[in-house]
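Residue numbering for the sequence shown follows this note's numbering, beginning at 1 and increasing consecutively.
I should point out that these hints are in silico values taken from the structure, not numbers from a laboratory. Some hints could be false.
As the list claims (entries may be wrong) - Distance windows between CB atoms, simulated: (1) L120 / N38: 46 to 52 Å; (2) R49 / T95: 31 to 37 Å; (3) W99 / T12: 29 to 35 Å; (4) N41 / F70: 33 to 39 Å; (5) L120 / T91: 16 to 22 Å; (6) L65 / I90: 17 to 23 Å; (7) P60 / E81: 35 to 41 Å; (8) P35 / D77: 40 to 46 Å.
For every residue, glycine included, the Cβ atom is placed at its ideal position computed from N, Cα and C.
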Amino acid sequence: MLLEATPVLRVTCLRDAEHFYLERLGFQNQFCYRPDPNQINPAYMGVERDGAVLHLSSFPGDGRLGGVVFITVDDVDRLHEEFVARGIPITLPPTDQSWRMREMYVKDTDQNTLRFAQSLAG
Numbered sequence: 001m002l003l004e005a006t007p008v009l010r011v012t013c014l015r016d017a018e019h020f021y022l023e024r025l026g027f028q029n030q031f032c033y034r035p036d037p038n039q040i041n042p043a044y045m046g047v048e049r050d051g052a053v054l055h056l057s058s059f060p061g062d063g064r065l066g067g068v069v070f071i072t073v074d075d076v077d078r079l080h081e082e083f084v085a086r087g088i089p090i091t092l093p094p095t096d097q098s099w100r101m102r103e104m105y106v107k108d109t110d111q112n113t114l115r116f117a118q119s120l121a122g
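Start from the sequences, fold in the hints, and give me the full structure.
Structure, rendered in C-alpha cells:
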C-alpha cells in the first residue's frame, strides 16, 4: 500500500533555498540533515506548509536543477495576493487553464517551478 509521495527539489545552496521557502513562501522547517555540521552544503531539508511537503537537496546526485512541482490549493488568488505582498516574483499570475485548473507559477532561487493550482471543476 502506498502512503504518500514527497517531491525532492535539487538546490545549489541550501541556505538560499531555506531563506526562500521559509522566509518568503511561508513554509515551516520539518528537519535538516547535514553530514558535516560545519558545512552549509551538502544538506537535505524537509519543509511543509498547510500539509504540502517538499524536500530540498543540495546533494549532487539528487536530481537536476529546474524541477517542477504541482501543489493544489483552495484559493490560488488569495495565495497570489500574499506572494505579491511579500515581493515574490510571479512567473505566471493566476490563469484559467483549458484543463479546468486555475494556476500560478513561481520559480525558486534555482529555477525550480512551483505550480500552485486550484480546481475549476464543479
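Evaluated hints:
1. L120 / N38: 46 to 52 Å: For N38 against L120, whose Cβ atoms are near 50 Å apart, the range 46 to 52 Å holds.
2. R49 / T95: 31 to 37 Å: With Cβ atoms ~22 Å apart, the hint is violated.
3. W99 / T12: 29 to 35 Å: For W99 and T12 the Cβ distance comes to about 32 Å; the hint holds.
4. N41 / F70: 33 to 39 Å: With a Cβ separation near 27 Å, N41 and F70 fall outside 33 to 39 Å, so the hint is violated.
5. L120 / T91: 16 to 22 Å: About 20 Å separates the Cβ atoms of L120 and T91, which means 16 to 22 Å holds.
6. L65 / I90: 17 to 23 Å: 20 Å, holds
7. P60 / E81: 35 to 41 Å: Holds, at about 37 Å.
8. P35 / D77: 40 to 46 Å: Holds: the Cβ-Cβ distance is about 42 Å, inside 40 to 46 Å.
Hints 2, 4 from the list above are not met by this structure, while the remaining hints are.
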